[in-house]
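Protein chains in written order, with full-length UniProt numbering: chain A, 1 to 504; chain B, 1 to 202.
Hint data in this document are derived by calculation from the structure and do not stem from the laboratory.
One or more of the hints may lead you astray.
Covered by chain B, per the in silico footprint, the following chain A stretches (three or more residues, Cβ under 8 angstroms) [said to hold, decoys possible]:
#: 1; region: 130 to 142
#: 2; region: 146 to 159
#: 3; region: 178 to 184
Ideal Cβ placement from N, Cα and C applies to all residues, glycine included.
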Amino acid sequence: MEIDDDLLANSDAGTEDDDEFVELAPEQTSAMDGMDPEEFPYDVLALEQVVTLMVDIIKEVRNVVEIPATTTRILLNHFKWDKEKLIETYYESDPDRIFADAHLISPSRKVAIACSKREIKPRYSVKENGEYVCEICYASVPEQLMSGLECGHRFCISCWTHYLTTKIMDEGMGQTISCAAHNCDILVDDETVMKLLSDSHVKLKYQHLITNSFVECNRLLRWCPTPDCGHVIKGQYVSDKPVTCRCGHTFCFACGQNWHDPVKCSILRKWIKKCDDDSETSNWIAANTKECPKCRSIIEKDGGCNHMVCKKCRFDFCWVCLGPWEPHGSSWYNCNRYDEDEAKRARSAQEKSRAALQRYLFYCNRYMNHMQSLKLENKLYASVRDKMEEMQKHNMSWIEVQFLKKAVDVLCQCRQTLMHTYVFAFYLRKNNQSIIFETNQRDLEQATEQLSEYLEREITQEVLRDIKQKVQDKSRYCESRRNVLLKHVHEGYENELWEYLDNI
Amino acid sequence: MSNIALTRIQREFKEVIKSDEVKNCQIKLEPFEDNFTHLKGEIIGPPDTPYQGGKYTLDIVIPETYPFNPPKVKFLTKIWHPNISSQTGAICLDILKDQWAAAMTLRTVLLSLQALMSAAEPDDPQDAVVATQFKQHPEIFRSTASFWAYVYAEAPRNEKMKEYEEKLKQLQEMGFHEKNSRITALSSKNWDLQAAMEFLLP
Numbered sequence: 001m002e003i004d005d006d007l008l009a010n011s012d013a014g015t016e017d018d019d020e021f022v023e024l025a026p027e028q029t030s031a032m033d034g035m036d037p038e039e040f041p042y043d044v045l046a047l048e049q050v051v052t053l054m055v056d057i058i059k060e061v062r063n064v065v066e067i068p069a070t071t072t073r074i075l076l077n078h079f080k081w082d083k084e085k086l087i088e089t090y091y092e093s094d095p096d097r098i099f100a101d102a103h104l105i106s107p108s109r110k111v112a113i114a115c116s117k118r119e120i121k122p123r124y125s126v127k128e129n130g131e132y133v134c135e136i137c138y139a140s141v142p143e144q145l146m147s148g149l150e151c152g153h154r155f156c157i158s159c160w161t162h163y164l165t166t167k168i169m170d171e172g173m174g175q176t177i178s179c180a181a182h183n184c185d186i187l188v189d190d191e192t193v194m195k196l197l198s199d200s201h202v203k204l205k206y207q208h209l210i211t212n213s214f215v216e217c218n219r220l221l222r223w224c225p226t227p228d229c230g231h232v233i234k235g236q237y238v239s240d241k242p243v244t245c246r247c248g249h250t251f252c253f254a255c256g257q258n259w260h261d262p263v264k265c266s267i268l269r270k271w272i273k274k275c276d277d278d279s280e281t282s283n284w285i286a287a288n289t290k291e292c293p294k295c296r297s298i299i300e301k302d303g304g305c306n307h308m309v310c311k312k313c314r315f316d317f318c319w320v321c322l323g324p325w326e327p328h329g330s331s332w333y334n335c336n337r338y339d340e341d342e343a344k345r346a347r348s349a350q351e352k353s354r355a356a357l358q359r360y361l362f363y364c365n366r367y368m369n370h371m372q373s374l375k376l377e378n379k380l381y382a383s384v385r386d387k388m389e390e391m392q393k394h395n396m397s398w399i400e401v402q403f404l405k406k407a408v409d410v411l412c413q414c415r416q417t418l419m420h421t422y423v424f425a426f427y428l429r430k431n432n433q434s435i436i437f438e439t440n441q442r443d444l445e446q447a448t449e450q451l452s453e454y455l456e457r458e459i460t461q462e463v464l465r466d467i468k469q470k471v472q473d474k475s476r477y478c479e480s481r482r483n484v485l486l487k488h489v490h491e492g493y494e495n496e497l498w499e500y501l502d503n504i
Numbered sequence: 001m002s003n004i005a006l007t008r009i010q011r012e013f014k015e016v017i018k019s020d021e022v023k024n025c026q027i028k029l030e031p032f033e034d035n036f037t038h039l040k041g042e043i044i045g046p047p048d049t050p051y052q053g054g055k056y057t058l059d060i061v062i063p064e065t066y067p068f069n070p071p072k073v074k075f076l077t078k079i080w081h082p083n084i085s086s087q088t089g090a091i092c093l094d095i096l097k098d099q100w101a102a103a104m105t106l107r108t109v110l111l112s113l114q115a116l117m118s119a120a121e122p123d124d125p126q127d128a129v130v131a132t133q134f135k136q137h138p139e140i141f142r143s144t145a146s147f148w149a150y151v152y153a154e155a156p157r158n159e160k161m162k163e164y165e166e167k168l169k170q171l172q173e174m175g176f177h178e179k180n181s182r183i184t185a186l187s188s189k190n191w192d193l194q195a196a197m198e199f200l201l202p
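Let the sequences and hints guide you as you build the complete structure.
Next up, the structure:
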């Protein structure tokens, strides 16, 4: 069997384990996958495209600095895959020093070492009856079964394989495996690793480790956070912009979290940390059940709308504030504001901390509520699909019923935005702009809940036309309110209108 | 035990037995059980240190993946040293952790431990109490270490020890019967009787 030593095309054709690197058929995708002309330009790369990209970068650098590919890879890793920085440093300072810093033997010195090999060898392996003694297993092996790096340390191939397998499988090391000799920090290059490994599992793990370190180091690459997705987003610059992976997941390119407009990455990070720290309390408070404010029956919310009707006492109330539903139905919807004056009245330290907790829980409650609803909208997609089929039986064309799916899309976007507006609001200091923001938020929230309610309604033959009109109007309204809110926040960022509360 | 580990250990035994250090009674290595996975090592306290003349026994466990992973080594003989726990004998030494190299041997480990005894690293301590004393009261540290060597490692006596034995006796008369905890208490409190007593009281 012919053994192909090339790292990237490596596969023993006869082995039973599938080598993903080869098995994945190279997908022919357009270069500008998720590109929207006005938006942030980015590509979605499959795993093998990442590998190709890595090889391209290596080639590009090699063409300039003229050093072997394996050495280039280690150097690039040392420079966190910033090729400009590498090339610049390479020409501006002493290359030998760079090689030493990256734990490499300089290629120019290799020649010198090759000449003096005869003197180096006896230092590391004792010759016994024409054979060498491996310093790891102490077995006498013929010279052709010994292997090593440019540093001159030589061990038998079987020990090398064991050594590399331990490092890769047990310690999860990829780019940073050094020579097995004590105090020798010369790094093992990938070509040598692939040559010395035979188990395809270990090889695969090694390739994953290398690709992973390439993606992790590279500021312009980010793994899709979906479990087992394996796609990588390649941006042209770093920016907090939404990117959508081929798996359908939309996330922030700068921080990797679910797309969180209008709140900034740093604030969201603070919020998530706070939520994690306080998770015990908030989990307890914002648990899935609430009591009916009138008859105290335990109620679990299983749909997206906040208009609750208690099964037992028929009391209409709002899920968020637990007040009667009556005022919410009209224009008087005051659920998204926290009364700051209330907090001021809290005098003693205990009361103050209680107020802080209450304030946090107010925002956390609403944040969690939208998150929960957002999860439940998946169910809504299914029920809407049924409704759409039902409507098509009632003399509506396929194109005529698409508005429903579109409306659920809008609903999800609005919930995603609303969810993060509470994070934004939590850290916001009250000023005129924040009042406008809260008004926008209230408007959007009210419209979103109405849309949610429309979508949950039974659709009958009689109300069909009416519902279609309402849903379309409401979803258009939601969409525009959402845009207004986001635009206002972004303008605020540009003009530095937002003031944040410290000490939270 | 894997084949490679067994071959290695057997070869290492030969190496240690043949070595000059064994001839000079510097180090010793013998199996605890027949199967080479659990060994007993012995090193002599190096000259010009408080441990001079002491005999230190080591517990060595060879992992399945040896020599690609380091052996697990700890002191069985109690010792007063910043990088070795005075309670458990656990050792803080880079070559027994991430700096282990497959080409290192038990002989090099034993010699490195001897070297560690001559050159402590108080900035990277295993035992914070000892390390603090090492940095703040080097004199007390040295006499304490040699007292421990005398009590636990059969090292020769010296003048200072009379004073320490006297304090131990006083503590004993106060009703503290456990010898090791008396020594630990006095050593940790720089041989201040009052402080040691408070330390021992529950």
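Hints versus structure:
| no. | hint | in the structure |
| --- | --- | --- |
| 1 | 130 to 142 | holds (count 5) |
| 2 | 146 to 159 | holds (count 4) |
| 3 | 178 to 184 | holds (count 5) |
This entry satisfies every hint, going by the numbered hints stated previously.
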